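**Q** Protein sequences, first through last, are from chains A and B.
So that you can map any letter, position 218 of the first sequence is 218 in my numbering, and since no number is skipped, the others follow by simple counting.
For any residue, its number in my numbering is found by taking its place in the second sequence, counting from 1, and adding 1000.
All clues given are correct.
Using C-beta positions, here's what the derived DEER-type ranges look like:
(1) A/174 / B/1290: 48 to 54 angstroms
(2) A/15 / B/1023: 41 to 47 angstroms
(3) B/1290 / A/56: 35 to 41 angstroms
(4) B/1364 / A/163: 30 to 36 angstroms
(5) A/109 / B/1364: 26 to 32 angstroms
(6) B/1290 / A/125: 35 to 41 angstroms
(7) B/1022 / A/120: 27 to 33 angstroms
(8) A/12 / B/1233: 47 to 53 angstroms
(9) B/1364 / A/120: 27 to 33 angstroms
(10) B/1280 / A/218: 44 to 50 angstroms
(11) B/1217 / A/109: 28 to 34 angstroms
Honestly, the hints are just simulated from the structure, not real lab data.
It should be emphasised that the depicted structure is a prediction, and the values quoted were computed from it without experimental measurement.
From the three backbone atoms N, C-alpha and C, an ideal C-beta is built for every residue, glycine too.
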Amino acid sequence: MFSIEVTNLKKSYGSLKAVDGISFTVKQGEVFGLLGPNGAGKTTTIEIMEGLRERDSGDVKILGLDPWKDGYELHKKIGVIPQEFTFFEKTTPKEAIKYYASLFNIKVDSNAILREVLLDEMEMHVFESLSGGQKQKTGLALSLVNSPELLFLDEPTTGLDPNARRAIWEVIRRLKAKGKTIILTTHYLDEAQQLSDRVAIMDHGHIVAMGTTEEIIQQHGSGERLEIHGTQQLADYINANTELQGKYDKTKEVISIPLKKKIDMLAALAAAEQSGMGWGEIQTRQDSLDDVFIKLINEPLDEQGEVEIEQKPNKKGRR
Amino acid sequence: MVSLKRIYVDFKVFSVGYLRNKFGLFFGLIFPVILILIFGAIFSGETGTIDVYAQNQDTGALGRNIGNDFLTALNESSTIRVITVNASENFPDFLAAHSASDGILIPSNFTGNYMTEQQVNVTVYGSPASSTSGIVSGTVSGYVNYFNLQRFNGSMVIGLTSATVNTEQTTYIDFLIPGLIGFSILTSPMFSLVNISSEYKKNKLFKQLSLTPLTKMEWLIAKVLFYIALTVAGFLLMVGVGVFAFGAHVTLSPWLIPFLILGPLLFASLGMLVGTVTKNPETAGVIGNIVTFPMMFLAGTFFPINIMPGYLQTIAHVLPLFYVTEGLNNVMVYNNIPNALVDIAVLGIITLVIFVLAVKLFKWRED
Chain A
1 MFSIEVTNLK KSYGSLKAVD GISFTVKQGE VFGLLGPNGA GKTTTIEIME GLRERDSGDV
61 KILGLDPWKD GYELHKKIGV IPQEFTFFEK TTPKEAIKYY ASLFNIKVDS NAILREVLLD
121 EMEMHVFESL SGGQKQKTGL ALSLVNSPEL LFLDEPTTGL DPNARRAIWE VIRRLKAKGK
181 TIILTTHYLD EAQQLSDRVA IMDHGHIVAM GTTEEIIQQH GSGERLEIHG TQQLADYINA
241 NTELQGKYDK TKEVISIPLK KKIDMLAALA AAEQSGMGWG EIQTRQDSLD DVFIKLINEP
301 LDEQGEVEIE QKPNKKGRR
Chain B
1001 MVSLKRIYVD FKVFSVGYLR NKFGLFFGLI FPVILILIFG AIFSGETGTI DVYAQNQDTG
1061 ALGRNIGNDF LTALNESSTI RVITVNASEN FPDFLAAHSA SDGILIPSNF TGNYMTEQQV
1121 NVTVYGSPAS STSGIVSGTV SGYVNYFNLQ RFNGSMVIGL TSATVNTEQT TYIDFLIPGL
1181 IGFSILTSPM FSLVNISSEY KKNKLFKQLS LTPLTKMEWL IAKVLFYIAL TVAGFLLMVG
1241 VGVFAFGAHV TLSPWLIPFL ILGPLLFASL GMLVGTVTKN PETAGVIGNI VTFPMMFLAG
1301 TFFPINIMPG YLQTIAHVLP LFYVTEGLNN VMVYNNIPNA LVDIAVLGII TLVIFVLAVK
1361 LFKWRED
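With the hints as constraints, model all of the structure from the sequences given.
**A** Listed below in structure tokens is the structure:
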């Protein structure tokens, strides 16, 4: 049973193709991560799924409903935190929950919801006095008021400090354990890896990779390889005397040899020893999601694992 | 489709938030009262009678001189003491020679025209630099209105004399209260809705709300109802202060209700419209001020518009707030309901247009 079916979805802003023909499905109870740099089309995609934005073409079925035409029906069944969640400045989390409950015409235990998102100690503080993490938790609390089966979390931890991020992760894990289907967009790779069952990596409106993180690494990564600290001559010697094909990285002074079989490692080391040339430390390595991401996106990462790219024009177009 | 329960729920959460915001409360309720206290204190009191030179060139007709009656009536007001100037003097020269800032001139054909229902103008000389000019011209305008009303009722000359004795004396504070009520009807909903609608758009709060069963119409109605409630509270407060602190004369009538409803509805919608059509809160603020400030001063709030030069009076007539202040004056000061009905009609049409535009252009979602 699919909670979400997206087929060949397209959306342009003027000449800019924000989403350019993407297709994917999300199973019930799955946590699905949409990953990609700023401007990749994540928010446009998620807002179309939420029924906040009209698509140009393609099929979108959310819980069996067309999100744009049946938005009013759909909104009773889903929970959403938009990017950079804000609320009425002078309203407390508890009042906000009661407000939502009255609008949905349902009775809720506001204390239970506040406990669920780890916000019970701040229930009487007005929204503007809350910290960034507490504000996001208020958003999470509100998205839970109508007991949705499907949750959309658009960059729920962007701009939060590491502790606050971990607290939000904890809440998301609990929701997952309860069997909620969750769509999560993020540009933090560790977040996607930690929380998602499957991820899709988006870039320039396309999905460039999709699957579990292991599958993506296997498909798009270079596999296991041996790295030997040494010289160009040593690399040439190994390549000449074995069936291996090492590559030399001048800046790191490292010979990188792809390993097709475990035994290849022995051959490489034997050749190195035979050469009589000096060699330094050795290690085996495998591409991480970061490596694959960089390879696929072709954009540098900053030290936080966040993609650093210049503001693309569609950032503006999205507003 | 529109649910009263959701309107109530949104009204409640907005009211609670508003009452916690001391800034909004100050500008909504306290500030207009402070204005009344300040202006009232400046322009009221026993020492407040203003000496005004007046020249009566009226030659009279049928043994009556209505010009004289008019000046006598003015003299009996607590605001103005008339000093008669010989009809043979050149009046403007006389005023200049006596350094007078105010003067009243009754033309020679006054009685004749008045009785034959032809347009005739009383000229009020004033100086823009003078603080008394507004009061003089406001008072004279009150009496002009009163005399016109007498004619309208057909009681003509006879009714005039008897009514002059009984007429309530009009003071500046009587004009000020409707003006400042108009001022607060404009400023509170307008500034607030410009701010809310542009900020909510920027912060994606409208998107957030669109994910609940609340509709944009319900949301807007809740805001309008809140500002009607705030306006009524401000109205009672200002009238109370005016009456008890300064002994203002105020006619309360059910005809005030249309203004207290249409006013906030109009300016909440206008604020909404400004916030909707502008790109960001900064631009919205600027446009909001451009729309609001001329109205704040030119629409008969602090000064009666008849002291202003002709072109400004023309401008005043295209400002929506003018029909609020004029209407409030017509009801509260002159008890002139036929004229107030005209104001209600004009105001109703403007309000309808702005409201429909605001609702049409205002979007929860994007396409």
